[in-house]
Amino acid sequence: MKLQRFYVAGIAMTAAFALTACGSDNAEPSSAGGASAANASCAAGDLTAQGSSAQKNAMDEWIKTYASQCADAKIGYEGTGSGAGIQAFIAGTADFAGSDSALKEEEQPQADAKCPGGAALNLPMVTGPIAVVYNVDGVDALNLSASTIAKIFAGTIKTWNDPAIAAENAGVTLPATAIATVHRSDESGTTDNFTKYLSKSAEADWSFSNAKAWKAPGGTGAKGSDGIAQAVKSTPASISYVELSFAENSDLKKAKVKNGAGEFTELTGESAGKTIAGAKIEGTGDDLKLAIDYNTTEAGAYPIVLVTYEIACSKGSPKAAAIKGFLTYTASTGGQSALAELGYAPLPESVRSKVEASVAKIS
Numbered sequence: 291m292k293l294q295r296f297y298v299a300g301i302a303m304t305a306a307f308a309l310t311a312c313g314s315d316n317a318e319p320s321s322a323g324g325a326s327a328a329n330a331s332c333a334a335g336d337l338t339a340q341g342s343s344a345q346k347n348a349m350d351e352w353i354k355t356y357a358s359q360c361a362d363a364k365i366g367y368e369g370t371g372s373g374a375g376i377q378a379f380i381a382g383t384a385d386f387a388g389s390d391s392a393l394k395e396e397e398q399p400q401a402d403a404k405c406p407g408g409a410a411l412n413l414p415m416v417t418g419p420i421a422v423v424y425n426v427d428g429v430d431a432l433n434l435s436a437s438t439i440a441k442i443f444a445g446t447i448k449t450w451n452d453p454a455i456a457a458e459n460a461g462v463t464l465p466a467t468a469i470a471t472v473h474r475s476d477e478s479g480t481t482d483n484f485t486k487y488l489s490k491s492a493e494a495d496w497s498f499s500n501a502k503a504w505k506a507p508g509g510t511g512a513k514g515s516d517g518i519a520q521a522v523k524s525t526p527a528s529i530s531y532v533e534l535s536f537a538e539n540s541d542l543k544k545a546k547v548k549n550g551a552g553e554f555t556e557l558t559g560e561s562a563g564k565t566i567a568g569a570k571i572e573g574t575g576d577d578l579k580l581a582i583d584y585n586t587t588e589a590g591a592y593p594i595v596l597v598t599y600e601i602a603c604s605k606g607s608p609k610a611a612a613i614k615g616f617l618t619y620t621a622s623t624g625g626q627s628a629l630a631e632l633g634y635a636p637l638p639e640s641v642r643s644k645v646e647a648s649v650a651k652i653s
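Start counting at 1 in the sequence shown, then tack on 290, and there's your number in the working numbering.
The set of hints was computed from the structure by calculation and includes no laboratory data. Hints are supplied without guarantee of correctness; some may be wrong.
[Unchecked claim] Okay, derived cross-link-like pairs now, BS3-like style, lysine-lysine, Cα gap no bigger than 27 angstroms in a straight line:
id	residue 1	residue 2
1	Lys651	Lys394
2	Lys404	Lys490
3	Lys448	Lys490
4	Lys644	Lys570
5	Lys543	Lys513
6	Lys651	Lys404
7	Lys523	Lys543
8	Lys394	Lys490
9	Lys523	Lys513
10	Lys404	Lys605
11	Lys570	Lys354
12	Lys548	Lys605
[Said to hold, decoys possible] Listed next, with one range per pair, are the computed distances between beta-carbon atoms:
id	residue 1	residue 2	range
13	Thr525	Ser643	18 to 24 angstroms
14	Thr510	Ala466	28 to 34 angstroms
15	Lys513	Thr338	17 to 23 angstroms
16	Thr449	Ser358	21 to 27 angstroms
17	Gly552	Ala503	29 to 35 angstroms
18	Asp427	Asp362	51 to 57 angstroms
19	Asp427	Gly366	29 to 35 angstroms
20	Lys605	Ser497	30 to 36 angstroms
21	Ala611	Thr449	16 to 22 angstroms
Bear in mind that the values here come from a model prediction, so they are computed numbers and not experimental data. Glycine is no exception: its CB is placed at the ideal position from the N, C-alpha and C atoms.
Taking the hints into account, I'd like the entire structure generated from these sequences.
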């Protein structure tokens, strides 16, 4: 497994971290690997959650670490996709949900109904940069603009040696091979964010708006982030979009993407963090729905990013204490630091501190 270390301004990276001892909010902190940690108190209880496959690797790591310190906490998370996660929360079969998109206007009242006396919150928790991944023999570096990416996935550009691709890759020998595009077959917040990027950054070339379900014609569908990574790895001349952690784990080639400043930018934790740091909060009160500027002109910013939200009740959940305990850990500096080894970018401190404050009010 190939893993890469990422750094984001404002987050102190640590190689090891710990949780406070289980069973009491007033317990003294214990340590793991000698490092102090996450400022999270253990809370007993069983939690069932599902949703975003983009955050599955992060959730697996968080659950493993939290459960190892908190023996009375049992948490299960299934990467069923963002749409399925939200529907499970609304149906009452998930205690909290992971979604790569905030609740839609029509979903919010349905989710609020599961929170007596409170509301369903959109809590940004995982920065999952979206890599444009490809499998083309002999092409080890690739530059792509939003316009070119849009034309490829819309089917307007059909071969790898198309003049539009060649113009952005001077000196690169591109084959005349037909391009094999791959997209998510299931409803996905990753698709929603990727198509939102295209609709806002390449409006003239992308006429399919944005949605969790793929709308453009042609291409091959694959289920889940793992499915996308496997499809690209096994399909010559293919291209797709997938979260960085899955691209790294499958050792896929990643294109540099042109940002609003005109730079072809490599995807790193730092470059993705610059875009998230510039996001505006659209939510009110403790709801932290973000508006991302996909046309950011920040120097060195990588523009195709998503934030995975945890959808949880501010009040009224019968498992509020357990949810609060776990999310307190994931939002802490220790919990966020753990993401650096997994191909995610920790939340910028300007966002992380707000999430931590919202989680602290869950009751």
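So, going through the hints one by one against the coordinates:
The suggested pairing of Lys651 with Lys394 holds, with an alpha-carbon distance near 23 angstroms, which does not exceed 27 angstroms. Proximity of Lys404 to Lys490 is assessed by CA-CA distance (about 33 angstroms); at most 27 angstroms being required, the pair is judged violated. Annotation: proposed proximity of Lys448 to Lys490 holds, straight-line Cα distance about 22 angstroms (limit 27 angstroms). Among the hinted pairs, Lys644 with Lys570 is consistent with the structure: their alpha-carbon atoms are about 12 angstroms apart, no more than 27 angstroms.
The straight-line distance between the Cα atoms of Lys543 and Lys513 is roughly 20 angstroms, inside the 27 angstroms bound, and the hint therefore holds. Of the supplied pair hints, the one linking Lys651 and Lys404 holds, its CA atoms being roughly 17 angstroms apart against a limit of 27 angstroms. For the suggested pair Lys523 and Lys543, the alpha carbons sit about 9 angstroms apart, so the restraint of at most 27 angstroms is met. Simply put, Lys394 and Lys490 have alpha-carbon atoms about 18 angstroms apart, close enough for the 27 angstroms limit, and the pair holds.
For the hint linking Lys523 to Lys513, the alpha-carbon distance of about 14 angstroms falls within 27 angstroms, and the restraint holds. Proposed proximity of Lys404 and Lys605 is supported: the alpha carbons are some 9 angstroms apart, at most 27 angstroms. Distance hint between Lys570 and Lys354 is unfulfilled; the C-alpha atoms sit about 32 angstroms from each other, more than 27 angstroms. Pair hint Lys548 plus Lys605 does not hold up; C-alpha atoms about 42 angstroms apart against a cutoff of 27 angstroms.
Taking the beta carbon of each, Thr525 and Ser643 are about 42 angstroms apart, not inside 18 to 24 angstroms as hinted. A C-beta distance of roughly 20 angstroms is found between Thr510 and Ala466, which places it outside the suggested range of 28 to 34 angstroms. For the hinted restraint 17 to 23 angstroms between Lys513 and Thr338, the CB-CB distance of approximately 21 angstroms keeps it satisfied. At about 51 angstroms, the beta-carbon gap between Thr449 and Ser358 misses the expected band of 21 to 27 angstroms.
At about 32 angstroms, the CB distance of Gly552 to Ala503 agrees with the hint of 29 to 35 angstroms. Against the hinted window of 51 to 57 angstroms, the Cβ-Cβ separation of Asp427 and Asp362 comes to about 53 angstroms, which satisfies the hint. In this structure the supplied range 29 to 35 angstroms is violated for Asp427 paired with Gly366, their Cβ-Cβ distance being about 41 angstroms. Between Lys605 and Ser497 the Cβ separation comes to about 43 angstroms, which falls outside the hinted range of 30 to 36 angstroms.
A beta carbon spacing of about 57 angstroms between Ala611 and Thr449 contradicts the range 16 to 22 angstroms that was offered as a hint.
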